[in-house]
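Visitor: Spelled out, the chains give:
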Amino acid sequence: MLPTAPAPLRAFRIGMLLALMLFVLSAFLSGCHVQLIMAYDPVLDQGFTTLQQDTEQFLGQLEADPGSPRTSFENTKDFYIKSGAALQTMRTRAKYEPMSTEILTQIDALSRSFDDLKKLHLLSGDVGPRIAVIQAARGPLESQFGSIFQLQLALKNRMKKPVPANATAPALTN
Amino acid sequence: MSFGLDTVLPLMLNAAKEPLSESWQTTAPFAEKQFTEIAERIQLLGEDVALGSITSDEALLILDMEKQASISALAALEGIGKVTAETAINNALDAVANIVNKSVGFVLL
Chain A
1 MLPTAPAPLR
11 AFRIGMLLAL
21 MLFVLSAFLS
31 GCHVQLIMAY
41 DPVLDQGFTT
51 LQQDTEQFLG
61 QLEADPGSPR
71 TSFENTKDFY
81 IKSGAALQTM
91 RTRAKYEPMS
101 TEILTQIDAL
111 SRSFDDLKKL
121 HLLSGDVGPR
131 IAVIQAARGP
141 LESQFGSIFQ
151 LQLALKNRMK
161 KPVPANATAP
171 ALTN
Chain B
1 MSFGLDTVLP
11 LMLNAAKEPL
21 SESWQTTAPF
31 AEKQFTEIAE
41 RIQLLGEDVA
51 LGSITSDEAL
61 LILDMEKQAS
71 ISALAALEGI
81 GKVTAETAIN
91 NALDAVANIV
101 NKSVGFVLL
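So the protein sequences, as listed, match chains A and B. With this note's numbering, the residue at position 119 of the first sequence is 119, and numbering never jumps. With this note's numbering, the residue at position 28 of the second sequence is 28, and numbering never jumps.
In short, the hints are calculated from the structure, not lab data. Do not rely on the hints blindly, as some may be mistaken.
[Said to hold, decoys possible] 25 Å max Cα-Cα, derived DSS-like pairs, lysine-lysine:
no. : chain 1 : residue 1 : chain 2 : residue 2
1   : B       : K67       : A       : K95
2   : A       : K156      : B       : K33
3   : A       : K156      : B       : K102
4   : A       : K82       : A       : K95
5   : A       : K82       : B       : K67
6   : B       : K67       : A       : K118
[Claimed, not checked] For each label pair, taking beta carbons as the anchor points, the in silico distance ranges come out as:
no. : chain 1 : residue 1 : chain 2 : residue 2 : range
7   : B       : E40       : A       : R112      : 18 to 28 Å
8   : A       : D78       : B       : L44       : 29 to 39 Å
9   : B       : T55       : A       : I81       : 23 to 33 Å
10  : B       : L9        : A       : I81       : 50 to 60 Å
11  : B       : G52       : A       : Q35       : 44 to 54 Å
12  : A       : L36       : B       : L5        : 17 to 27 Å
We put the beta carbon where it would ideally sit given N, CA and C, even for glycine.
Next comes chain A alone, as it looks inside the complex (with noise of 0.2 Å):
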């Protein structure tokens, strides 16, 4: 067991200890403020605009000719090899931004909906789907796409929130 310090050298360690411990602090909380998710990304949100218009074309398109060999996987697979790179390079980008989890967790449904959407196509064989199938799988894209841009919405509008007036400081007592 170590010996007691004498009574100086105990306040003088408490004291280098609360000098530490207020650099610390004033070093994480000066001129910075708490941040809990990813700041706003342009480029992500107007990724996802882009898809979002490419995929209700496409669907638009089967829905115009539905069972139709003009539709068919084979005619129309080009949507599917671009919207999969379009949401990797999005994945890659957003991977690499710091606490972005939740964008993330939105892009990986978003490519499984899209592997979802494939499957059903190629389970039509040599036409498109019916329309019964395409205006079933529309709703959930739309849903996500939905979620996407509400959580964009947060981030971008996330700013400080002007102090309310009645929380003026009081004066300060000696």
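Got chain A sorted already, so can you dock chain B onto it with the hints?
Guide: Frame of chain A, contents of chain B only:
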């Protein structure tokens, strides 16, 4: 110069309350809408399978898409919750920054 907990605490709580309340007003209707729509679509899917307009193989894939939609909605809620918590904490710190900084004699907050 000094300050007491009874001075800073009401200011911090007041500043933190506003973003929490605003977030609830936004997220509650969003969550309700998303999950209601997912439930309705799943019900409709069952009817389509019963009518024979969608096969069971197709239904399984569409159901998985609905599952992914739920995951995405939950991720959005979690993310919005983090943005809200962040705003509440930063507002609370800002609300008392003047008092604390004057008290310690340098820019701590």
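Visitor: Next, verify each hint and record whether it holds.
Guide: The hints, checked one at a time:
Proposed proximity of K67 of chain B and K95 of chain A is supported: the alpha carbons are some 23 Å apart, at most 25 Å. Simply put, K156 of chain A and K33 of chain B have alpha-carbon atoms about 22 Å apart, close enough for the 25 Å limit, and the pair holds. Straight-line distance between C-alpha atoms of K156 of chain A and K102 of chain B comes to about 33 Å, which puts the hinted pair past the 25 Å bound. Distance restraint check for K82 of chain A and K95 of chain A: the Cα-Cα separation of roughly 20 Å lies within the 25 Å cut-off, and the hinted pair is therefore satisfied.
With a C-alpha separation of about 24 Å, the suggested pairing of K82 of chain A with K67 of chain B holds against the 25 Å cut-off. As the CA atoms of K67 of chain B and K118 of chain A are separated by approximately 16 Å, the hinted pair is consistent with the 25 Å bound. Between E40 of chain B and R112 of chain A the CB atoms are about 22 Å apart, so this pair conforms to the stated range of 18 to 28 Å. Remark: the range hint 29 to 39 Å for D78 of chain A to L44 of chain B is upheld by a beta-carbon distance near 30 Å.
Hint check: T55 of chain B to I81 of chain A, Cβ distance near 26 Å, so the stated range 23 to 33 Å holds. About 58 Å separates the C-beta atoms of L9 of chain B and I81 of chain A, a value consistent with the hinted range of 50 to 60 Å. In this structure the hint that G52 of chain B and Q35 of chain A lie 44 to 54 Å apart at CB holds, the actual value being about 53 Å. Range check, L36 of chain A to L5 of chain B: Cβ separation about 25 Å, and the 17 to 27 Å hint holds.
Violation of the numbered hints given earlier is confined to hint 3; every other hint is satisfied by the structure.
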